[in-house]
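Listed below are the residues making up each chain.
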Amino acid sequence: MSPAEILATNLLSPVVLAFGLGVAATLVRSDLEFPEPLYQSLSIYLLLAIGLKGGAALSVTPLTVFVGPAAVTVLLGLVTPLTAFAVLRAALRMDRINAGALAAHYGSVSAVTFLAAVSFGEATGVPIEGFMPALVALLEVPAIVVGLLLARGAHARPGEGEGSGSWAHALHEVITGKSILLLVGGVAMGWIAGKERMTPVEPFFVAGFQGALTLFLLEMGLVAARRLRDLKEAGLLLVAFGTLVPVVHGVLGVWAGTVAGLSEGGAAVLGTLVASASYIAAPAAVRIALPEAKPSLYLTASLGITFPFNLVLGIPVYFALASIFGG
Amino acid sequence: MSPAEILATNLLSPVVLAFGLGVAATLVRSDLEFPEPLYQSLSIYLLLAIGLKGGAALSVTPLTVFVGPAAVTVLLGLVTPLTAFAVLRAALRMDRINAGALAAHYGSVSAVTFLAAVSFGEATGVPIEGFMPALVALLEVPAIVVGLLLARGAHARPGEGEGSGSWAHALHEVITGKSILLLVGGVAMGWIAGKERMTPVEPFFVAGFQGALTLFLLEMGLVAARRLRDLKEAGLLLVAFGTLVPVVHGVLGVWAGTVAGLSEGGAAVLGTLVASASYIAAPAAVRIALPEAKPSLYLTASLGITFPFNLVLGIPVYFALASIFGG
Amino acid sequence: MSPAEILATNLLSPVVLAFGLGVAATLVRSDLEFPEPLYQSLSIYLLLAIGLKGGAALSVTPLTVFVGPAAVTVLLGLVTPLTAFAVLRAALRMDRINAGALAAHYGSVSAVTFLAAVSFGEATGVPIEGFMPALVALLEVPAIVVGLLLARGAHARPGEGEGSGSWAHALHEVITGKSILLLVGGVAMGWIAGKERMTPVEPFFVAGFQGALTLFLLEMGLVAARRLRDLKEAGLLLVAFGTLVPVVHGVLGVWAGTVAGLSEGGAAVLGTLVASASYIAAPAAVRIALPEAKPSLYLTASLGITFPFNLVLGIPVYFALASIFGG
Amino acid sequence: METKNATMVTIVAERLLRDRLVEKIRALGAKGFTLTEVQGEGSRGWQAHEFEGPSVKIETLVRAEVAEKIVEAVAKYFEHHAVIVYLTDAKVVRVRKF
Amino acid sequence: METKNATMVTIVAERLLRDRLVEKIRALGAKGFTLTEVQGEGSRGWQAHEFEGPSVKIETLVRAEVAEKIVEAVAKYFEHHAVIVYLTDAKVVRVRKF
Amino acid sequence: METKNATMVTIVAERLLRDRLVEKIRALGAKGFTLTEVQGEGSRGWQAHEFEGPSVKIETLVRAEVAEKIVEAVAKYFEHHAVIVYLTDAKVVRVRKF
Ligand SMILES: Nc1ncnc2c1ncn2[C@@H]1O[C@H](COP(=O)(O)O)[C@@H](O)[C@H]1O
Ligand SMILES: Nc1ncnc2c1ncn2[C@@H]1O[C@H](COP(=O)(O)O)[C@@H](O)[C@H]1O
Ligand SMILES: Nc1ncnc2c1ncn2[C@@H]1O[C@H](COP(=O)(O)O)[C@@H](O)[C@H]1O
Ligand code: NA
Ligand code: NA
Ligand code: NA
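Protein chains in written order, with our numbering: chain S, 345 to 671; chain R, 345 to 671; chain E, 345 to 671; chain X, 24 to 121; chain W, 24 to 121; chain G, 24 to 121.
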């Protein structure tokens, strides 16, 4: 496929079109609203479903195949918050607290971006390792811890008083937070049950998946577009950060994935993972541990800039890169 | 099939039985309630799903095949509010405001009635043009505008003050309202993506459709039955209006569809569309532009009388007519 | 299969694993919460789906095959509240009101436990009569009436005043309560429509079923684990009651089912039904008719003790018994 | 705009009582009410909403005499049910409406 | 902690009016508001929430002058819409916030 | 029926604070509370409910001394969190319950 064809394939996919419809609905000031419980239900379903699928795949993967990519993923989770932090401090002259908060987001991962990448792989016929969801789980947590450490710096006060964030509380929140719990829980269920025992639940969790994801992206479009209002305030530098740093991280991820022995598709998806910014687990943890950091900053960046950027442009780019690196 | 068999096929379908169960639940005063978000979620799903399906079909339909039915549909959307208005003014001696409000409803369309007709076609093996959902979208809006114009008459005051309805607001509401947005948005998505790219979302949006519709009709039964209480108040004349005018519109629609070159099934479904009365888009718009019109009147008529009438009796009648006209 | 293998098959099933994940989430104090409307929506879906399936099966079952199991089921619904009551009064020295309340629960039935048993049958390849859901409906009501009668004893005051429970109200509640309504309504719909007309709704109601059940059990795990806190208070005697009486009832059910001509799988499922304790219909009715009974007692027993016990250990035991009795 | 005094009666109750309480306040002369789904914790050691669904808050603006009657009617449920009732003063504009 | 008086304005309205009322109270000087989805019954014989979705309760803590203006603005909707408004006295700590 | 005075403390806060606030008011002597999911807008330019879920309104009827303590405890969150607290007078019948 030519670069133009690759881009078109992505833009014309139901998932990206649904996102666009959501954005459009907000722009024309439609009264379309997703009921909150539908959003939550779809989140639960999607996270559990990818966990189950990943776990079932993991149960038939030799440990030796998995260990390399897993190690590289954890490493990336430790390194990428540092690069994000460095850029924010040096180029954007951001204060330590907000820079650390953003670093936690950009080191961590967006499960929906991951899913969009997998969809893209399927649509373009590029095979992807089935165990990738396990990597999502591995990438989610470490970066958040690093980001919080960077923000607190020497002043870290563990277990602070009321009205302010407590470390222990934030850590507990990340690890037992619903996104990790469903993802890791799903992986464990799929791994314990094994591929065969999962057969009866496949029509629900596998066949229905792409459609549910499409519906979810419609809502994501509604939500992300509401963030667009804040873009003016955010300024050009944040937009530059929210598009360039993901590309840097994406290149890093694709390259590291290729080196660690992932297939072309696997490396592309790992690149996407690394390039993506968390907008569920990280905000929750940051809000607890760093209540003084500005949510308008980290939410606008991760949800309003980086998420749409990766969805529309980033993913095809990371796949193109993977085919170059792997070729 | 004999007329009796056709009627039985309709009455014994899961969709009509579910509606009946909902009515029964209300009559025996069961505590069965659909959570509001489930109702909203099913609406979103159904509207988007029919849009997607219609759009995918449209993408493989030559323009020449579509243009005739489309023109006829728009025409019907302009004519039927006039017939409804005339009947209400002349035979029911209704005031201009309420007559206009009702005209908006009876010119516009009920998506669920449309779906029940398509189901019926599938159950009886009558093929139906795939692009019909695009006609739903075309029929929905014009009638509402005509109805509001009729109600306001010479006294139309555009952009009126607070506490009263504003034209601009109502028009905006209809066009960007969630039912149009999802329907038109879905058609656009399906049309842009094309049949092949829709394959991965089919298990969710196509295979699951009939069941979700059945569940939705259970809720419609609960809602419609609550309207039955208001029937006494409404009076016999309204009941006559709510059953006879749909038949007149249905005959018109079937005939016009046949003339415009639709297949037997397509003409029957167009007839059903024209015969149906809106109970989502029209009430929302009327409530804004004509707050002085009585909701108890237009909701009881469209939801309490015409909807069940079409579901149980109307649909088989329009199919029978189409087979006569087309034969 | 050896007993150990049977147990493993159950423990490794997605349904039981999901329950375990829910319990684990509560124990680690995760913030995972199911939105209330999701819980309600899944309940509606599951109850309607089993009704539809059972009704469709019933429509092709000769009456002579059904009448024996049906009679035995009603009988069991009248007898088991008596055994439960006797044990509670004699061995636990419980007061009449609370003993009657618990008897109503243990005579009645848990639809989710039923579904888990059917899943288990499918996973182990044991065929089960399709009309079993009709038996669920038959078993649900009588026991509740018996339990309330036992509680009120000679002091039954029909139609009591405000602030206290009314008999008529409670009875109405059980019979028109949503669980009976959906179950019986579903059976009626499936039976009237017949197997063939149900085909279009099967992807939704049949193929998706196991997955939806798995999701539901995740929530059941969350809910049941919250009850564990109350176990200390409840005491060892209640734990003994909540595990031993189900086994006694289960043996009775398996034996009676075998005698009534059910297949091995059917007898095992009937045993499970009889062994299970209601936690939806019975609490609702008891709360109305016996507001002075302690909900902490009957909810902890049925939801916190008996439900997990049957799910994890009971079901494989009843299947093992059925294979012995039937062999 | 001139305002007049009215009494706001607020009842928080387990869901089970919803329909009974609504019928009661209608019968006692309330001309309207507003119902909110809530969760709650009180003196009872169990949370009704686990199996009954969410509790309800019923608010009704009434005249002082009606308020008094409603409080008495609700008090009948104190013994066996999860329910509280309290009064607050409010000012309304269309006094005949309440 | 020292508390100062403020006025709580509560509006219960059919959903249709939600955005209009929110814009209005913002324009009249309210510095914040809290919105709850509710169901209700009043003098109108039909329940708007059947097709519009749940009604809304909008609560805004303001100074007495602002409260007065909000009541007047809401009154414009009395004729054709399901809506009520009432005032209660409240005590707040950060008085400049309201 | 005789009524006694009690103080209604209302806290509206971003969801994040829900469990912390509930624990706090329990610890300070509230014997019950009612929790409602709400949406809101205040002095903070972002809507917490977009990623945390809906905000919460916590209402607790208490004695005046307890109310005072709760207000002080909530005030600790004013700086970094979306939260308000206010007091209203209420009349209750079973005064020992609160
Ligand atoms: N002190 C209180 N303040 C506010 N709400 C309360 C209080 N006590 C009880 N409630 C509410 O009233 C319901 C019933 O209370 P109870 O009968 O004490 O269990 C609880 O679930 C709470 O929603
Ligand atoms: N007396 C009342 N007490 C409490 N809420 C009321 C009262 N009257 C009306 N409402 C609320 O205000 C809404 C509109 O009232 P109405 O305009 O009278 O139909 C109703 O749906 C109720 O939610
Ligand atoms: N003036 C007000 N009236 C009513 N509710 C308010 C007001 N100001 C703030 N709130 C509520 O309190 C929450 C937190 O406010 P803030 O800390 O000002 O962002 C908001 O989301 C609103 O729900
Ligand atoms: Na990342
Ligand atoms: Na029409
Ligand atoms: Na039982």
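No lab work stands behind these hints: they were computed from the structure. Please note: incorrect hints may appear among the correct ones.
[To be verified] Under the rule of at most 30 Å between Cα atoms (straight-line distance), these lysine-lysine pairs were calculated in the BS3-like manner: (1) K47/X to K114/X; (2) K99/G to K47/X; (3) K54/G to K47/X; (4) K54/G to K120/G; (5) K47/W to K27/X; (6) K120/W to K92/W; (7) K54/X to K576/R; (8) K638/E to K99/X; (9) K114/W to K47/G; (10) K99/X to K54/X; (11) K114/W to K47/W; (12) K120/W to K114/G; (13) K92/G to K27/G; (14) K92/G to K120/G; (15) K99/G to K114/G; (16) K114/W to K27/W; (17) K99/X to K47/X; (18) K27/G to K47/X; (19) K54/G to K99/X; (20) K114/X to K27/W; (21) K114/G to K99/X; (22) K120/G to K54/W.
Fair warning: this is a prediction, and the values are worked out from it, not measured in the lab.
Point to revise | Holds or violated: K114/W to K47/G, with C-alpha atoms at most 30 Å apart | key: Measuring from Cα to Cα gives roughly 21 Å; hence the hint holds.
Point to revise | Given hint K54/X paired with K99/X - CA-CA distance at most 30 Å | key: Answer holds: K99/X to K54/X is near 22 Å, not above 30 Å.
Review point. Keeping to a limit of 30 Å between CA atoms, is the pair of K92/G and K120/G held or broken?
Key: Holds: K92/G and K120/G sit about 18 Å apart, inside 30 Å.
Point to revise | Holds or violated: K54/G to K120/G, with C-alpha atoms at most 30 Å apart | key: holds (7 Å)
Review point. CA of K47/W to CA of K27/X, is that 30 Å or under?
Key: Holds, at about 23 Å.
Check your understanding: Given the hinted pair K114/W and K27/W, is their alpha-carbon gap at most 30 Å?
Key -> At roughly 5 Å apart (the allowed maximum being 30 Å), K27/W and K114/W satisfy the hint.
Check your understanding: K27/G and K47/X: Cα distance at most 30 Å?
Key -> holds (23 Å)
Check your understanding: Keeping to a limit of 30 Å between CA atoms, is the pair of K120/G and K54/W held or broken?
Key -> Violated. K120/G to K54/W sits at ~35 Å, over the 30 Å cutoff.
Review point. Can the restraint linking K54/G and K47/X be considered satisfied, given a maximum Cα separation of 30 Å?
Key: Holds, at about 27 Å.
Check your understanding: Taken at face value, is the distance from the CA of K576/R to the CA of K54/X at most 30 Å?
Key -> Status holds; Cα separation ~23 Å.
Check your understanding: Between K638/E and K99/X, is the straight-line Cα distance small enough, at 30 Å or below?
Key -> holds (18 Å)
Practice item. Decide if the proposed pair is consistent with the structure: K114/W and K47/W, CA atoms, cutoff 30 Å inclusive. Key: holds (24 Å)
Checked against the numbered hints given earlier, the structure breaks hints 2, 22 and satisfies all the rest.
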